[in-house]
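There are 2 protein chains.
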Amino acid sequence: MNHHSVRGGDKRARILESALKVFASKGFYAAKVADVAAEAGVADGTIYLYFKSKDDLLISLFEEQMQQVNSQLTTALVGAISATDKLQRFFKAYLGMVETHRHATEIITIELRQSAKFMKDYANPRFAEFLKLLAGIIDEGQASGTFVSGTPPTVLARAIFGLLDELALMWVTTKGDKIDIRKAADWVGRLVLEGLERRSA
Amino acid sequence: MNHHSVRGGDKRARILESALKVFASKGFYAAKVADVAAEAGVADGTIYLYFKSKDDLLISLFEEQMQQVNSQLTTALVGAISATDKLQRFFKAYLGMVETHRHATEIITIELRQSAKFMKDYANPRFAEFLKLLAGIIDEGQASGTFVSGTPPTVLARAIFGLLDELALMWVTTKGDKIDIRKAADWVGRLVLEGLERRSA
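Protein chains in written order, with my numbering: chain V, 1 to 201; chain G, 1001 to 1201.
The shape of chain V in the complex, shown without the other chains (with noise of 0.2 Å):
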């Protein structure tokens, strides 16, 4: 990275890029402070101007990656005829950004869940809105009378949440052959619509 190109204005960002490198590659608790700065070309004490501690860097890479993912699943939605369209399309959209952001996937599943303060104590805001995005779709198929009704959507949403998280983790933590997480995205999105689906018979 040519680091004299960058401007001062970005350096929030470009230590939160390096963040991302360095809890992806050392995890979060063997990385430093100090090599995330290295990383991002500043002094150790520039994090400090920008963030907290190491946690609430953690925290703030995972909340910019969410707003990320939040608005790509927004937009994979447009244009989406029905609840079983749209719930198909946030399926493949997750899941192929599981494949394309792997390191934002490990940082997802695996070192955000290290930080007790984030498992804890964080509301957690983008998650909710992520929440929120997939209960919408479940709530506009039930009231469209395509879907099931009877369970609250904010519950499916958390469990369908559990079942695409899952096998993020199974794919980013295989070693040697993965999965096509493609096809698995299509597997689990037929086995959640079948499930969801009300049944002409």
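Since the hints were made in silico from the structure, they are not lab data.
On a predicted model such as this, the values are computed, not experimentally measured, just so you know.
Cβ coordinates follow ideal geometry from the N, Cα and C atoms, glycine included.
It cannot be assumed that every hint is accurate.
Quick list of in silico lysine-lysine cross-link-like pairs, DSS-like style, CA-CA up to 30 Å [said to hold, decoys possible]:
1. G/K1032 / V/K52
2. G/K1026 / V/K178
3. V/K54 / V/K21
4. V/K54 / G/K1052
5. G/K1183 / V/K26
6. G/K1183 / V/K132
7. G/K1026 / G/K1054
8. V/K183 / G/K1132
9. V/K178 / V/K92
10. G/K1120 / V/K26
11. V/K52 / V/K92
12. V/K26 / G/K1026
13. V/K175 / G/K1052
Chain G is faced by these chain V residues, among others (derived, beta-carbon under 7 Å) [stated by the list, open to error]:
14. Y29
15. V33
16. I110
17. Q114
18. V188
Using the hints, position chain G against chain V.
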């Protein structure tokens, strides 16, 4: 606890039981081996006669818990007449344990993930047994024609675990009014079964 009534041969079990309490209340990272020793009423050094490190203690604790989970799931399946029946029993038994073994649930869904050793370097034979049990039910349902074929049972088992695990995490981390986990077991059980079952149409 009356330590005097516990003989030396039970020390390992007593240390694990104490670790469960201490890790669940203080969190894995904040907890010290000395805290576990105090809770168990043994000298700090005694812990190291049985366990190499705090990570090793956590992993041994998880192994013991998962062995109990697998054993109770196996028992719950005895006498089941179909793959559908087995899967319903599996869901009910698993989420029932989540509710009755709250500390163990906290260890499995939160604390365990804070161990980089566990997440990255541990082969996890007990979890493999759990997945094998679940994949076996799906395989049986596919073979008998009750469940749709074409999706590998191992991928479905992993996805279904993710779903159950996320519900457990949601339940254990909700402050205040929790959802009824047994009702949630019925909801997601229905979702998964409808998703797996072959449609007559």
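Taking the hints in turn, this is what the structure says about them:
1. Distance check on the hinted pair: G/K1032 and V/K52 sit about 26 Å apart at the alpha-carbon level, within 30 Å; holds.
2. With a C-alpha separation of about 37 Å, the suggested pairing of G/K1026 with V/K178 is violated against the 30 Å cut-off.
3. Simply put, V/K54 and V/K21 have alpha-carbon atoms about 14 Å apart, close enough for the 30 Å limit, and the pair holds.
4. Distance check on the hinted pair: V/K54 and G/K1052 sit about 28 Å apart at the alpha-carbon level, within 30 Å; holds.
5. Between G/K1183 and V/K26 the alpha-carbon distance is near 41 Å, which puts this suggested pair outside the 30 Å criterion.
6. Straight-line distance between C-alpha atoms of G/K1183 and V/K132 comes to about 21 Å, which keeps the hinted pair within the 30 Å bound.
7. Only pairs whose Cα atoms come within 30 Å are accepted, and G/K1026 paired with G/K1054 is accepted, the gap being roughly 14 Å.
8. Under the criterion of a C-alpha separation no larger than 30 Å, the hint pairing V/K183 with G/K1132 is consistent with the structure, at around 21 Å.
9. A distance of roughly 17 Å separates the Cα atoms of V/K178 and V/K92; the hinted pair therefore holds under the 30 Å criterion.
10. Only pairs whose Cα atoms come within 30 Å are accepted, and G/K1120 paired with V/K26 is accepted, the gap being roughly 12 Å.
11. For the hint linking V/K52 to V/K92, the alpha-carbon distance of about 36 Å lies beyond 30 Å, and the restraint is violated.
12. Between the alpha carbons of V/K26 and G/K1026 the distance comes to roughly 26 Å, so the proposed pair stays at or under 30 Å and holds.
13. Our distance criterion of 30 Å between C-alpha atoms is met by V/K175 and G/K1052, whose separation comes to about 27 Å.
14. Taking 7 Å as the C-beta cut-off, the interface hint given for V/Y29 holds, the closest approach to chain G being about 6 Å.
15. Because the beta carbon of V/V33 sits about 17 Å from the nearest beta carbon in chain G, more than 7 Å, this interface hint is broken.
16. Look at V/I110: its Cβ gets to within about 5 Å of chain G, closer than 7 Å, so that hint holds up.
17. Interface restraint check: V/Q114 against chain G, minimum CB-CB distance 5 Å, threshold 7 Å, status holds.
18. A distance limit of 7 Å between C-beta atoms decides the matter here; for V/V188 the minimum to chain G is near 5 Å, and the interface restraint holds.
This entry does not satisfy hints 2, 5, 11, 15, going by the numbered hints stated previously.
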